[in-house]
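Heads up: the sequence lines are chains H and R, in that order. When we follow our numbering, the leftmost residue of the first sequence carries the number 1, and every step to the right adds one. When we follow our numbering, the leftmost residue of the second sequence carries the number 1, and every step to the right adds one.
Hints should not be assumed to be uniformly reliable.
Said to hold, decoys possible - Below, a list of computed lysine-lysine pairs in the BS3-like style, where the Cα atoms sit at most 27 Å apart:
1. LYS248(H) to LYS266(R)
2. LYS125(H) to LYS209(H)
3. LYS39(R) to LYS248(H)
4. LYS10(R) to LYS88(R)
5. LYS205(H) to LYS266(R)
6. LYS38(R) to LYS171(R)
7. LYS123(R) to LYS244(H)
8. LYS268(H) to LYS17(R)
9. LYS209(H) to LYS90(H)
10. LYS268(H) to LYS268(R)
11. LYS16(R) to LYS158(H)
12. LYS125(H) to LYS244(H)
13. LYS209(H) to LYS268(R)
14. LYS267(R) to LYS209(H)
15. LYS244(H) to LYS266(R)
16. LYS295(R) to LYS267(R)
17. LYS268(H) to LYS38(R)
18. LYS17(R) to LYS158(H)
19. LYS39(R) to LYS171(R)
20. LYS248(H) to LYS205(H)
21. LYS268(R) to LYS248(H)
22. LYS7(R) to LYS88(R)
23. LYS267(R) to LYS205(H)
24. LYS209(H) to LYS38(R)
25. LYS39(R) to LYS268(H)
26. LYS90(H) to LYS112(H)
27. LYS244(H) to LYS268(R)
28. LYS268(H) to LYS266(R)
29. LYS205(H) to LYS268(R)
Claimed, not checked - Computed Cβ-Cβ distance ranges for the label pairs, DEER-style:
30. THR78(H) to ARG149(R): 48 to 54 Å
31. LYS90(H) to PRO282(R): 46 to 52 Å
32. LYS287(H) to SER102(R): 24 to 30 Å
33. SER160(H) to GLY25(R): 15 to 21 Å
34. ARG119(R) to SER150(H): 56 to 62 Å
35. GLY147(H) to GLU263(R): 37 to 43 Å
These are calculated hints, taken from the structure and not from any lab test. Idealized CB from N, CA, C, for every residue including glycine.
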Amino acid sequence: MSESAKPLLEIKDLRTRFHTLDGIVNAVDGIDFEVYQGETLGLVGESGCGKSVTALSILQLLRCPPAEIQGSVRFDGTNLLGLDREGVRKIRGNDISMIFQEPMTSLNPVLKIGEQISEAARVHKNMTRQQAWRWAVEMLRMVQIPGPNSRARQYPHKFSGGMRQRAMIGMSLSCNPRLILADEPTTALDVTIQAQIMSLMQRLKEEFKTAIVLITHDLGVIAEMASRVVVMYAGKVVEEAPVKEIFKDPRHPYTQGLLGSIPVIGRKEQSGRRLQEIPGIVPSPMKTPLGCRFHPRCPRVINRCCDQQPPMIRLAKHRRVSCWLET
Amino acid sequence: MALLEVKNLKKYFPIKKGVFSRTIGYVQAVDGVSFTLKKGETLGLVGESGCGKTTVGRSILRLIEPTFGQVTFNGQNLLVLEREELRKVRASLQIIFQDPFSSLDPRMNVGQIIAEPIRNHLKISKSEIRHRVAYLMERVGLHPEQMSRYPHEFSGGQRQRIGIARALALKPLAIICDEPVSALDVSIQAQVINLLAQLQEQMNLSYLFIAHDLSVVEHISDRVAVMYLGHIVELATDREIYQNPMHPYTQALLSAVPIPDPEIRKKKILLQGDVPSPINPPSGCTFHTRCPERKEICSREEPPFQNIGADHWVACHLI
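For reference, chain R alone in the conformation it holds in the complex (with noise of 0.2 Å):
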């Protein structure tokens, strides 16, 4: 049984404008979206800015309340939950934020920053805690005796590592990562993403993993899906979307992608235009007015999402 299932998410955000603030319309950040996450599995959602990739995991965990769908956590739907009964489950499903500069209290220690969830949730003394913390600090690569340092004090990666323990102090079983590294430098993602692969390991966790950057996403996925204006288009195993990409929008995403290897030069599929308007969706399949394959039937109907094998799922009318 899949540990996370996400059913028909919708979240709309209403547009307001006048001295009454009448809604006038509605920005349709995610409209419609379904996948499922297992347990020890990492499923990468990619999508270009926009595209409601972050909107999804923020959804999931309802920081931001979704129009309708069902979010299904280990047995239990989130989005009928009381207060009381969703904090509890905030405690195994967890999440790490793109800015490490922005997602941490600056006057809070580190100490306090990672002990806030287990205060939250545990009743254990201050030295167990202590000693938690000291644990956790270790686990993600930091010196335990910088505890009683502040945010500022370290450096963007460091920072994320905080972000990290944090999230797994209450052992949690999933973790939504959104744009985990892509605020870092290179050298310093390759470290974040190897202790999130660790990690992974040694704990059996599964993660929702939100980016914009394919090369990272298909390096840490078992499955990734493809986003485009509020819909996924596209969900296959890394080695699927890769290697046969199905839909005209993750072909030119992959073909878009600069290789860093001057020997290879390969055709770029080059988009017209840009991602249009979330306010107001093209009909039908919404990538139809920069799709280069698209056929009369794209801008009429929308394109159901199917499985053509090996869990390969495309919305496309061509296929």
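The shape of chain H in the complex, shown without the other chains (with noise of 0.2 Å):
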């Protein structure tokens, strides 16, 4: 990892709330972390943790209101959070771009995927038509798509869920940007094109020191391509470490219930049928529990966790966790 002292993109006391008819729902409720040039950081967590909503609230691309971000985003050093419209669209796609998870439904239909690749070099890096077109070829060819001549110039219905990820993957890479933040990008895709796409990324982020951050609930992608993980809990950070060490020694007892609770290929004879379960459901966002919010399901709850929310404890450069049996 090279990690330069200063890091690429902060966030501090990042704050997302959506006003609803039902109230307000806290999506996400102040996290803080870094990401350093060239790594990838891996953020973890269950549907409804805020994960997603982190990433989108760092590009802006949530309507405001009902959306109401705060905090602070740092991306070299400029607040994100600060910018105006115009501000925020130079960064977008350009130095920080996306990647989302439905490869079916985040391409546009009715445009070929030339278009849809050049439009960014277009825009961003100001290259004519044919120029930008020539670029979208280059990238579909970096990609390791076949007939990248003819391919650009189809609708994205030719394409099948791998493809397109591929192409989205493309589009994301045209400008040449130091951050991409992928959300859940190999989740629709089955095992064997899952493989190609994570291999296609750990190839191309070492050609082009981007920084990616990888949003996932999937621990075996985190292990094989994070170096960092942060863990995310109904809108919370829980704990962060380097990979190996969340892995070999999680202090929280989410993190330890969450890699407790997947089936690993050839473990069942060691460790027998019964998986690890986490009792409970993931609390609605808009009634957090009081305390620490893992409480009602945590299997070494104290007194103390039930109304007084636990501080982060820093162990490390690296590694904390929000817990009151690590004080």
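Starting from two chains that each stand alone, build the complex the way the hints lay out.
Here you go:
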């Protein structure tokens, strides 16, 4: 990991809430983390923990209102949340780009693949139509789509799921960004296609020294791709650690439960057929529990957890956990 | 004797086109699948999207009418049964669906949903039905007080429990589980997997467990069948499958599963391209277009499905 002292992206006390008819939803509730140049940061959590909203808040891809974003998102020194629309537009797709989960819905069905990829290059790099088209074909070749010349002239429905995700990656790389926010990039794909896409992302990351924020619920993907992991639960960061430590020595009971609940091939004989389960369900973001948000499901709950929010305890530079048991 | 025996099952979906809906071709979704399911056993059926695993499950229950083949359940050939007889058989051969959001009628409350199969099959009094429903709800970890609530008031995991309670209502011998946990979060997934395993032990149930997630299938199954493009390419005990996979597709599939342990770095077999269309499947071995070890014979002849010992079946020319 080539870590420079200064982070490329620094998020401080980010809060995103939605004003809905049923009340206020605190989707992201005061989170901090940093991303350094060239590293892959894994953002893990289950549905509704706020991991996708975090990514959308960074690029301000949420309609405000109903959304309300507070805090600071510093990218290379500038606070993105302080920029006007034009300022954010210059960053989006240029310095920071995004890969979405659904390769089926995130491409425009009535535009040719080539046009969609060349759009960013035309807008941000002032290329002419022809130059941008050639650039788009180049991008398709780079993400290993066979016959890129003819493929660029096709519409998304002619592409398979894996190819669409390749095209998305090509699009996200077209302006040579310094940071990519990848929101569940392989979740909708079959495992053999997922393996292709993961090896492609890994290769391109090394080639371009791009930093990646990898948002996923799949701990297997995290183990293979990320160098550092941030675990989220109900809108908060509960733990952060380098990837090896999170798997070897998870500190937060939620992280421990998460790791225990996934079946691993070939491990049945040692650990038995019964999986460790986390009882109960994720709390609704409208009525989050008092104190530690995980306390109603926590197997090691103590009195304090029920009414006082645990502080974030820093154990090392990139090692922190938010739990009363660590104090 | 096997509880369920499927022999050479085929399902071709016709493709219609034009004013007169002429059949211009067939989607060969399932093309000659055979396996058995023993009493109290879990057989995992695993494969990627479009391999035909769901069609197999539905064809067995004749929710989709199969084109060809033989399905024997508890001594009866299901494919020749009349409607009424089939209805009776379905009492002991149940199904759980993937999507807990669309497989429950939103206008029925939970009590009605679970009671429906009981009312349709047994002539028992209302209070007895209520009693039975309450018992079933407890069995799957729901509170009987929630009987009058509607599906939208439940989370995904709880809805899947309702589906399981409904499947258990008539004390079935076997349940076809069609991706029962893939729509659930990992912590909830573990709850449902544990519940299924526990019910199996208590009631000596047989499961046909259909899923795309290899680690889940390996965890829950006694034997695993791997499907590719309408065929079973390999069938063996769970241990054999992951310790000694013989078919190149099984090997690639296993190597592609990300292992949640950063200390383990395994070599991945990256397959080229995508799964071909089942409308015009490749000749010979359907996997030959993507197989890293293909030989000349593979594109010409379909490999036989043969036993290589210890109940390990493979369809590959290389063996």
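Taken at face value, is the distance from the CA of LYS268(R) to the CA of LYS268(H) at most 27 Å?
Since the Cα atoms of LYS268(H) and LYS268(R) sit roughly 22 Å apart, the hinted pair holds (cutoff 27 Å).
Distance restraint evaluation - ARG119(R), SER150(H), Cβ atoms, bounds 56 to 62 Å:
Given range 56 to 62 Å: holds, Cβ gap about 59 Å.
Would the hint linking LYS244(H) and LYS268(R) be met if the CA-CA limit is 27 Å?
holds, 20 Å
Hint check: LYS209(H) vs LYS90(H), CA-CA at most 27 Å. Holds or violated?
Holds, because 21 Å separates the two Cα atoms, which is no more than 27 Å.
Is the hinted range of 37 to 43 Å satisfied by the C-beta distance from GLY147(H) to GLU263(R)?
Since the Cβ atoms of GLY147(H) and GLU263(R) sit about 40 Å apart, the hinted range of 37 to 43 Å holds.
Tell me if the straight-line CA distance from LYS268(H) to LYS266(R) falls inside 27 Å.
holds, 19 Å
Taking only the CA atoms, is the gap from LYS125(H) to LYS244(H) under or equal to 27 Å?
violated, 39 Å
Does LYS39(R) pair with LYS171(R) here, judged by a C-alpha cut-off of 27 Å?
holds, 14 Å
Please verify whether LYS209(H) and LYS268(R) have alpha carbons no more than 27 Å apart.
holds, 23 Å
Given the hinted pair LYS38(R) and LYS171(R), is their Cα-Cα distance within 27 Å?
holds, 17 Å
State, for the Cβ atoms of THR78(H) and ARG149(R), whether the hinted interval 48 to 54 Å holds or is violated.
Holds, since THR78(H) and ARG149(R) (Cβ atoms, about 50 Å apart) stay within the stated range.
Restraint status (C-alpha distance of LYS268(R) to LYS248(H) at most 27 Å)
At roughly 23 Å apart (the allowed maximum being 27 Å), LYS248(H) and LYS268(R) satisfy the hint.
In summary, the numbered hints that this structure violates are 3, 7, 8, 12, 24.
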